[in-house]
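Asks: Construct the complete structure from the given sequences, taking the supplied hints into account.
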Amino acid sequence: MLVTASPLLGLLLDVDGPIASPVTRSIAIDSIATDLVELARLGVPIVFNTGRSDAFITEQVVPPLLAAGLPEGARVHAVCEKGAVWFSITHEGAGEIQVDEDLALPQAYGDEIELLVAERFDDLVFFDHTKRAMVSVEQRMEVDSETYLAQQPVFDELAMQALARHGFGAVREGDERPDVDGDVQVRVDPTIISTDIESVRLGKDLGAERALQLLEQDGAAPQHWRTVGDSRTDYAMATWLHERGHSVTHVDVRPKDGVPETPYPVLTAGDLIHDEAGADFLGRWVAAVRRGSLNAED
Numbered sequence: 001m002l003v004t005a006s007p008l009l010g011l012l013l014d015v016d017g018p019i020a021s022p023v024t025r026s027i028a029i030d031s032i033a034t035d036l037v038e039l040a041r042l043g044v045p046i047v048f049n050t051g052r053s054d055a056f057i058t059e060q061v062v063p064p065l066l067a068a069g070l071p072e073g074a075r076v077h078a079v080c081e082k083g084a085v086w087f088s089i090t091h092e093g094a095g096e097i098q099v100d101e102d103l104a105l106p107q108a109y110g111d112e113i114e115l116l117v118a119e120r121f122d123d124l125v126f127f128d129h130t131k132r133a134m135v136s137v138e139q140r141m142e143v144d145s146e147t148y149l150a151q152q153p154v155f156d157e158l159a160m161q162a163l164a165r166h167g168f169g170a171v172r173e174g175d176e177r178p179d180v181d182g183d184v185q186v187r188v189d190p191t192i193i194s195t196d197i198e199s200v201r202l203g204k205d206l207g208a209e210r211a212l213q214l215l216e217q218d219g220a221a222p223q224h225w226r227t228v229g230d231s232r233t234d235y236a237m238a239t240w241l242h243e244r245g246h247s248v249t250h251v252d253v254r255p256k257d258g259v260p261e262t263p264y265p266v267l268t269a270g271d272l273i274h275d276e277a278g279a280d281f282l283g284r285w286v287a288a289v290r291r292g293s294l295n296a297e298d
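So that you can map any letter, position 226 of the sequence shown is 226 in the UniProt record's numbering, and since no number is skipped, the others follow by simple counting.
Calculated directly from the structure, the hints in this document are not laboratory data. From a predicted model like this one, the values you see are computed outputs, not experimental measurements. By construction, the Cβ of each residue, glycine as well, lies at the ideal position given by its N, Cα and C atoms. Hints may be right or wrong, so weigh each one.
What follows is a set of in silico ranges between Cβ atoms, one per label pair, in the way DEER data are often shown [as the list claims (entries may be wrong)]:
{"no.": "1", "residue 1": "Arg290", "residue 2": "Met141", "range": "34 to 40 Å"}
{"no.": "2", "residue 1": "Thr262", "residue 2": "Ala150", "range": "30 to 36 Å"}
{"no.": "3", "residue 1": "Val143", "residue 2": "Asp102", "range": "31 to 37 Å"}
{"no.": "4", "residue 1": "Arg290", "residue 2": "Asp257", "range": "17 to 23 Å"}
{"no.": "5", "residue 1": "Asn295", "residue 2": "Asp111", "range": "50 to 56 Å"}
{"no.": "6", "residue 1": "Glu142", "residue 2": "Arg232", "range": "24 to 30 Å"}
{"no.": "7", "residue 1": "Glu146", "residue 2": "Glu243", "range": "35 to 41 Å"}
{"no.": "8", "residue 1": "Val143", "residue 2": "Arg201", "range": "28 to 34 Å"}
{"no.": "9", "residue 1": "Gly69", "residue 2": "Thr147", "range": "37 to 43 Å"}
{"no.": "10", "residue 1": "Ala108", "residue 2": "Gly270", "range": "45 to 51 Å"}
{"no.": "11", "residue 1": "Glu72", "residue 2": "Gln223", "range": "22 to 28 Å"}
{"no.": "12", "residue 1": "Gln151", "residue 2": "Ser247", "range": "38 to 44 Å"}
{"no.": "13", "residue 1": "Ile97", "residue 2": "Val184", "range": "26 to 32 Å"}
{"no.": "14", "residue 1": "Glu72", "residue 2": "Asp183", "range": "22 to 28 Å"}
Replies: Rendered as structure tokens:
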């Protein structure tokens with residue numbers, strides 16, 4: 001069903017943090033799924049813009065949406081691995097998976113990192129076999145955050161060294177300049193529960209571009225965007241939208257790193273963080289769409 005009227009609101013959502021609990025790695029607050037479905041029923045386009053794999057979204061996000069009654073004709077999509085993989089979500093479940101193979105790291109590099117995990121970090125992380133383009137390792141559930149974050153830089157440095165052996169120029173996210181000479185082709189991006197090793201062409205800005213391409217196929221663009229994330233890299237989706245003339249407000253559900261200066265508004269949820277903050281804002285947006293207007297705090 002092609003929607004011709006421009007909806008009041010559109011959502012571009014990171015998954016880990018705002019939607020899925022970083023503790024349980026699942027949707028742990030029931031109102032998140034029910035409010036997402038209600039927003040979809042009200043005509044709000046929703047795109048998950050995540051570094052997670054399509055398998056994670058299919059297993060952890062799609063079932064709660066279907067259980068909450070995702071309606072036929074809902075405009076819901078998923079952009080995974082920061083723009084490398086994408087698919088639509090309907091009332092029948094996940095649609096056909098699309099992959100940009102040009103953005104995938106070589107199998108040989110992934111094999112080396114998998115071996116590194118097995119030999120040195122198996123008690124700390126697991127290798128994510130569901131990724132199609134990125135190479136990712138993730139903190140084991142039984143490992144506490146302090147222990148993981150203390151060892152993460154050691155792994156990241158070894159991952160950088162492996163990239164150099166495979167002939168890649170690489171940069172670590174957050175570094176002011178590359179640690180290697182030559183063209184930078186790959187980024188090592190640590191998060192609070194994982195490390196993603198990825199093409200520098202991947203990012204939440206590419207995810208935003210993919211999101212608009214998906215929405216162009218099923219209806220009009222929204223009047224206002226809300227982008228939601230839990231890290232500095234998530235601001236890229238709001239910046240991309242703003243630079244192209246869209247009305248956008250970013251929601252930071254983990255402003256621990258500080259809120260940077262931006263040309264668009266940034267909202268936080270007071271003392272609430274992660275999925276508790278995400279649930280709070282989703283409830284606000286349901287109320288806003290029902291009344292037909294957005295307030296500054298929405």
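Asks: None of the hints should be skipped; say for each whether it holds.
Replies: Taking the hints in turn, this is what the structure says about them:
no. : hint                         : in the structure
1   : Arg290 to Met141: 34 to 40 Å : holds (38 Å)
2   : Thr262 to Ala150: 30 to 36 Å : holds (31 Å)
3   : Val143 to Asp102: 31 to 37 Å : holds (34 Å)
4   : Arg290 to Asp257: 17 to 23 Å : violated (34 Å)
5   : Asn295 to Asp111: 50 to 56 Å : holds (52 Å)
6   : Glu142 to Arg232: 24 to 30 Å : holds (28 Å)
7   : Glu146 to Glu243: 35 to 41 Å : holds (38 Å)
8   : Val143 to Arg201: 28 to 34 Å : holds (31 Å)
9   : Gly69 to Thr147: 37 to 43 Å  : holds (41 Å)
10  : Ala108 to Gly270: 45 to 51 Å : holds (48 Å)
11  : Glu72 to Gln223: 22 to 28 Å  : holds (24 Å)
12  : Gln151 to Ser247: 38 to 44 Å : holds (42 Å)
13  : Ile97 to Val184: 26 to 32 Å  : holds (28 Å)
14  : Glu72 to Asp183: 22 to 28 Å  : violated (47 Å)
Going down the numbered hints, you'll see the structure goes against 4, 14, while the others check out.
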